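Colleague: Chains as they are written, first to last, in the numbering used here: chain A, 1 to 257; chain B, 258 to 542.
I should point out that these hints are in silico values taken from the structure, not numbers from a laboratory.
Note that this is a predicted model, so its numbers are computed, not measured.
Just so it is clear, CB atoms sit at the ideal spot from N, CA and C, and this is done for glycine as well.
Treat each hint with caution, since some may be false.
With the C-beta cut set under 7 Å, the calculated list includes, among others, these residues of chain B facing chain A [stated by the list, open to error]:
1. H301
2. E342
3. S343
4. E361
5. K364
6. R500
7. Y501
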Amino acid sequence: MAARRVPLVLLACGSFNPITNQHMRLFELARDHMHSTGQYQVVGGIVSPVSDSYGKQGLVLAKHRVAMAELALQSSNWVTVDEWESQQPDWTETVVTMRYHYGRILKEYERSVGMHNNSNPSPQLKLLCGADFLDTFKIPGLWRDDHVEELVGHFGLVCVSRGELQPERAVHESDLLSYHRHNIFHVREWVKNETSATEVRRALRRGLSVKYLLPDSVIEYIHRHNLYTEDSEMRNKSAVLRPLVKQAQEPVKSLDD
Amino acid sequence: SIDKLKLATSMEGHSITKVVLLACGSFNPITNMHMRMFELARDHLEDTGQYKVVRGIISPVGDAYKKKGLIEACHRLEMTRLATESSDWVMVDSWESLQPEWVETAKVVRHHYEELLAAEQNIDDVDTIKYAKKRRIEENYHKHRGKSSRDHNGLQLMLLCGADVLESFGIPNMWKQEDIAEIVGRHGLVCITRSNSDPYKFIHQSDLLWKYRKNIHIVREWVTNDISATHVRRSLRRGQSVRYLLPDSVIHYIKEHDLYSSESEQKNADVVLAPLQRYTGASSS
Numbered sequence: 001m002a003a004r005r006v007p008l009v010l011l012a013c014g015s016f017n018p019i020t021n022q023h024m025r026l027f028e029l030a031r032d033h034m035h036s037t038g039q040y041q042v043v044g045g046i047v048s049p050v051s052d053s054y055g056k057q058g059l060v061l062a063k064h065r066v067a068m069a070e071l072a073l074q075s076s077n078w079v080t081v082d083e084w085e086s087q088q089p090d091w092t093e094t095v096v097t098m099r100y101h102y103g104r105i106l107k108e109y110e111r112s113v114g115m116h117n118n119s120n121p122s123p124q125l126k127l128l129c130g131a132d133f134l135d136t137f138k139i140p141g142l143w144r145d146d147h148v149e150e151l152v153g154h155f156g157l158v159c160v161s162r163g164e165l166q167p168e169r170a171v172h173e174s175d176l177l178s179y180h181r182h183n184i185f186h187v188r189e190w191v192k193n194e195t196s197a198t199e200v201r202r203a204l205r206r207g208l209s210v211k212y213l214l215p216d217s218v219i220e221y222i223h224r225h226n227l228y229t230e231d232s233e234m235r236n237k238s239a240v241l242r243p244l245v246k247q248a249q250e251p252v253k254s255l256d257d
Numbered sequence: 258s259i260d261k262l263k264l265a266t267s268m269e270g271h272s273i274t275k276v277v278l279l280a281c282g283s284f285n286p287i288t289n290m291h292m293r294m295f296e297l298a299r300d301h302l303e304d305t306g307q308y309k310v311v312r313g314i315i316s317p318v319g320d321a322y323k324k325k326g327l328i329e330a331c332h333r334l335e336m337t338r339l340a341t342e343s344s345d346w347v348m349v350d351s352w353e354s355l356q357p358e359w360v361e362t363a364k365v366v367r368h369h370y371e372e373l374l375a376a377e378q379n380i381d382d383v384d385t386i387k388y389a390k391k392r393r394i395e396e397n398y399h400k401h402r403g404k405s406s407r408d409h410n411g412l413q414l415m416l417l418c419g420a421d422v423l424e425s426f427g428i429p430n431m432w433k434q435e436d437i438a439e440i441v442g443r444h445g446l447v448c449i450t451r452s453n454s455d456p457y458k459f460i461h462q463s464d465l466l467w468k469y470r471k472n473i474h475i476v477r478e479w480v481t482n483d484i485s486a487t488h489v490r491r492s493l494r495r496g497q498s499v500r501y502l503l504p505d506s507v508i509h510y511i512k513e514h515d516l517y518s519s520e521s522e523q524k525n526a527d528v529v530l531a532p533l534q535r536y537t538g539a540s541s542s
């Protein structure tokens, strides 16, 4: 009998300022790839916009970023928005967000399985990210070592790249990532579709068209609320990114969670 | 509408040329990138302060083009119609795709330019009169062939294309030189290029293109959006997701009609492309 596939949920964390077609494309690519391994059945996708306290330049209010993501994902039957992270008063470490969602998913799974002595594999949660994500592990003060360990060791990563060696090199150059390399899945995106939210905001500020880069419903929302302007881009301009402040306050205690 | 085509005048008082953008190609199938090219071109032209883009026309090639994997024009037309539904200025035109033989791009440009002039001159009465007037317009057109098309009523038709078309001008037997002169010299070209390509080098290397360089508008696409229809067909054959690369309505249509398969990709597999047949006299055995 063929081994049962592991139910898998993909979580994408980020600013989504605003969400673009490219963000949703990452989910499609990752799902196809994970299915092609023969080991996983992707049962859901979660978009988790970061909270306002993240302190990134040009970050508009979370309620708008959540509303835009909801509009964009209306047409998807498997990816949804979750506002838990965006509603936290302080910035939440990615691993903490993952623990929250994993707890939720497990509870739901146990409820659905009930009291049966079931041989089905337990669901897993993996973080979906872009090619440059692995490089952020190297930025001093941005990640706690134990969090990186938990993220790649316990949960796992699905990393979409456009054929650059960047993500593979990042794994190669880190002993920790190399150790967990079997839990880091590389997905190759053959179609170049580098619609970055930064470029979208730039075009919006300059009054240029962004049609076909984001869904029409999101573009309408942006115009209706006049979201991306010279002024909005100045938000948090001289602020320090919250992770750098928060984690500098608490001494980095490895492996004592 | 004709109203839209009336001569516009800028605030400074100098006249603004109204532009109609025409995109020719297989559209097999149309992707978001094709639609994006129109948006980029319009922004770029209007930013110069000299142009007002009033319309975009997508003209899918006819089946006689004989390109490998080219599915029936009726399906390509319908998908293009679906994709342009959400646009208030880009539309599909079936004239080229309905011709029994492959039509040179210069002729397609000429056809649409004549249509525009006819609309401009408000010809909508009886068919016979329309025909006579149209012929007069055509004669006029040929008389003034050497002149730039914008001499007429401040209305200009420009061919919208990717850098690959500009480069194809250099492929032997792909284009007639007088056709290039007519398209670029008389009408104009809007060419969307990736930030890593160098179209100016190409113009520089061609005496013909260099002569008409002022009619070539280069638009840089800073956000790379390299969705090729070839890639989309490949993904469809392999059962991979193409969502967010084309409008949902087009994906739905493709699935409903089971359009792209290994078999459809073999269409015209051993046939020589119509333009190459025509200009070299090659046979398509």
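Colleague: State for each hint whether it applies.
Modeller: Right, here's what the structure says about each hint:
no.: 1; hint: H301; in the structure: 9 Å, violated
no.: 2; hint: E342; in the structure: 11 Å, violated
no.: 3; hint: S343; in the structure: 6 Å, holds
no.: 4; hint: E361; in the structure: 29 Å, violated
no.: 5; hint: K364; in the structure: 29 Å, violated
no.: 6; hint: R500; in the structure: 5 Å, holds
no.: 7; hint: Y501; in the structure: 4 Å, holds
Comparing the model with each numbered hint stated earlier shows that hints 1, 2, 4, 5 do not hold.
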